[in-house]
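Q: Let's have the full structure, built from the sequences with the hints guiding it.
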Amino acid sequence: MVTIGGTTVTLVNNGNGTYSFQVPAGTTGGIVVTVPTHDDAVFEGSEKLTLEATLSGKTASGVDLPAGITDTGNAAIVDTKQDPLGADVPTLDVSNPGNVNEGSDAKFDITLGKAVDAETTITFKLGGDIESDDIGTPVVTIGGTTVTLVNNGNGTYSFQVPAGTTGGIVVTVPTHDDAVFEGSEKLTLEATLSGKTASGVDLPAGITDTGNAAIVDSQGPGADVPTLDVSNPGNVNEGSDAKFDITLGKAVDAETTITFKLGGDIESDDIGTPVVTIGGTTVTLVNNGNGTYSFQVPAGTTGGIVVTVPTHDDAVFEGSEKLTLEATLSGKTASGVDLPAGITDTGNAAIVDSQGPGADVPTLDVSNPGNVNEGSDAKFDITLGKAVDAETTITFKLGGDIESDDIGTPVVTIGGTTVTLVNNGNGTYSFQVPAGTTGGIVVTVPTHDDAVFEGSEKLTLEATLSGKTASGWICPPASPTPATPPSSTPKARIRATPIRALTCRPWTCPTPAMSTKAPTPSSTSRWARPSTQKPPSPSSWAVTSSPTTSARPWSPSVAPRSPW
Numbered sequence: 011m012v013t014i015g016g017t018t019v020t021l022v023n024n025g026n027g028t029y030s031f032q033v034p035a036g037t038t039g040g041i042v043v044t045v046p047t048h049d050d051a052v053f054e055g056s057e058k059l060t061l062e063a064t065l066s067g068k069t070a071s072g073v074d075l076p077a078g079i080t081d082t083g084n085a086a087i088v089d090t091k092q093d094p095l096g097a098d099v100p101t102l103d104v105s106n107p108g109n110v111n112e113g114s115d116a117k118f119d120i121t122l123g124k125a126v127d128a129e130t131t132i133t134f135k136l137g138g139d140i141e142s143d144d145i146g147t148p149v150v151t152i153g154g155t156t157v158t159l160v161n162n163g164n165g166t167y168s169f170q171v172p173a174g175t176t177g178g179i180v181v182t183v184p185t186h187d188d189a190v191f192e193g194s195e196k197l198t199l200e201a202t203l204s205g206k207t208a209s210g211v212d213l214p215a216g217i218t219d220t221g222n223a224a225i226v227d228s229q230g231p232g233a234d235v236p237t238l239d240v241s242n243p244g245n246v247n248e249g250s251d252a253k254f255d256i257t258l259g260k261a262v263d264a265e266t267t268i269t270f271k272l273g274g275d276i277e278s279d280d281i282g283t284p285v286v287t288i289g290g291t292t293v294t295l296v297n298n299g300n301g302t303y304s305f306q307v308p309a310g311t312t313g314g315i316v317v318t319v320p321t322h323d324d325a326v327f328e329g330s331e332k333l334t335l336e337a338t339l340s341g342k343t344a345s346g347v348d349l350p351a352g353i354t355d356t357g358n359a360a361i362v363d364s365q366g367p368g369a370d371v372p373t374l375d376v377s378n379p380g381n382v383n384e385g386s387d388a389k390f391d392i393t394l395g396k397a398v399d400a401e402t403t404i405t406f407k408l409g410g411d412i413e414s415d416d417i418g419t420p421v422v423t424i425g426g427t428t429v430t431l432v433n434n435g436n437g438t439y440s441f442q443v444p445a446g447t448t449g450g451i452v453v454t455v456p457t458h459d460d461a462v463f464e465g466s467e468k469l470t471l472e473a474t475l476s477g478k479t480a481s482g483w484i485c486p487p488a489s490p491t492p493a494t495p496p497s498s499t500p501k502a503r504i505r506a507t508p509i510r511a512l513t514c515r516p517w518t519c520p521t522p523a524m525s526t527k528a529p530t531p532s533s534t535s536r537w538a539r540p541s542t543q544k545p546p547s548p549s550s551w552a553v554t555s556s557p558t559t560s561a562r563p564w565s566p567s568v569a570p571r572s573p574w
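The sequence shown begins at 11 in our numbering and counts up one residue at a time.
These are calculated hints, taken from the structure and not from any lab test. In this text the structure is predicted, and so the values were computed from the model without any measurement.
Here are the simulated lysine-lysine pairs, BS3-like style, with alpha carbons at most 27 Å apart:
(1) Lys206 <-> Lys58
(2) Lys468 <-> Lys389
(3) Lys271 <-> Lys253
(4) Lys342 <-> Lys260
(5) Lys478 <-> Lys396
(6) Lys117 <-> Lys135
(7) Lys260 <-> Lys271
(8) Lys478 <-> Lys332
(9) Lys407 <-> Lys478
A: Quick look at the structure:
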């Protein structure tokens, strides 16, 4: 558009790239040619715009103006400034891929806010918490086509961006699944755009942006969250060590902490102080004062962790006591990410004292009172070879040659105190034995003086220990000490004194001299009781004495003396 003195004049497009307009006679100034520029959203930087003008024509007298009356004006069309509006300086935007499962690809999308009218260069570098072996070689595509990526050897990569490109640029970074738990590792891609416009103008410095991704191995196919496994040592003889092996399913890339506590049926004096070794080397174990212990696990460790718990041989029978070790793994990865909560496991052992060198299975010993005069008490002392850590039961029965009316009701004392005795109704009696008792148990059996001569009657007391330990383990049957042969069942002999030395045959009446020693009955002799033996007719009775024997008919005036 051309104005002269502020008035627009006609402009003729000559069709050959030139324009013409008429200048009134006498004009010297006020001629303005205005050329509008288009904001094309393409960065050209600074573009030169020239206007070359030539004056031609004739004077009023018809004389041609001389040739070569010409001049050129220059302007620069720039789009590098925001004020006034119209700047086309490109911006650079790198996307944030977010969480990327370890073993998958991190994809960064790069876009230019404005296109450039010439080929440019994007240079980028990778950073964050990653190490060189965490990722592979990046790949760049533009519009789906792989482009050449140059490794600059200084930790940066470069590739060319065609003129006019604004999007479709993707940098793909493969990640390696390394079976080591790092948690969440930050991966950054910092990109910078550089180059010149078609007019040779340098792109401004500082066209840069950074995208962030997080390589995670706590989820998905590449998850490396460690698991914790505590072994079950099984049965451990009391006095031996319980050894718990601890393993991690995956290593952690930083030092972590294992905290454990011991539990089960055990009491504090059942075990000693634990010892921890890793790879055979003893490590520092911290007593946290709240019933737990802690120790440090070096980065990269998965196995070779052993917690040894010594057990004490306490000479008390507990049977099988459960010993548990509950361990928990905690800490942070090298990138500062907390390990997930709940990485825990429990191992179980059983401290047994029913076998092996530390066996505490109780034995039962019942004393032999020996001869007990009829009418006196037979006292049986009962002892346990080892104590039991819970209340138990002793059941006993009386036997031998005695009959029910030969004895009275037994009485039991423990430590001098009478305890409750239960008549089980089946010929046995039972009473409770307090935990920890080994001796002081006395069963007193009163005998009846019945004015009937029985000589020496065998009285036996057979006792059995039963019950459970404090841990609920059933005590094995404990009868009289196993070393005692069956024929030596604890016994007493009830005797009446003085008695005669007799050789007895059926229905003979002895009249020998007095003696204080009871005979030893043979297989053919016995003690006859009128209450159970009916004599034959009086005429058949015979009396035998030693050294001579005479016989006479029976008569009531010659009545047999005791024991008949």
